[in-house]
Amino acid sequence: MQIIKINELPVTRSPRGPKIRNVFSSEKTTITNVLLDPGGILPMHTTPVDTIFYVREGSGYVLIGDERERVVAGDMVISPKNVPHGLEAGEEGFSVLVFKLG
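The number in my numbering is simply the position in the sequence shown, starting from 1, with 608 added.
Keep in mind that the hints were calculated from the coordinates and are not lab data.
Relax, there's no trap hidden among the hints.
Calculated pairs, PhoX-like style, for lysine-lysine (alpha carbon to alpha carbon, straight line, at most 25 Å): (1) K627 to K689; (2) K708 to K636; (3) K613 to K627; (4) K636 to K689; (5) K708 to K689; (6) K708 to K627.
Label-pair restraints from in silico Cβ distances: (7) T654 to E616: 28 to 34 Å; (8) I660 to E616: 18 to 24 Å; (9) L617 to I686: 22 to 28 Å.
We treat Cβ as the ideally placed atom computed from N, Cα and C, and that holds for glycine.
Generate coordinates for the entire structure from the input sequences, incorporating the hints supplied.
Here you go:
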């Protein structure tokens, strides 16, 4: 059994700017915890794999293509591969688990 204590993982910076924790990586799956300060953004970008966003804490917006939806802790959003997506934090900040499924 492998237990990952996400809040104890080191915080680094993504090439796109936000603070992140690298949670898990294998040949077909990557899990990252994106940490956005109030008003922070993860800029729109495209990935060649399906992506799932799970909101751990806070609230904000998930952007997929032309859509922009408010989400809160406990919400999960599916983004299909090759469609631009991004994140925007609300007033309290935003912690989102990002699952990339290859």
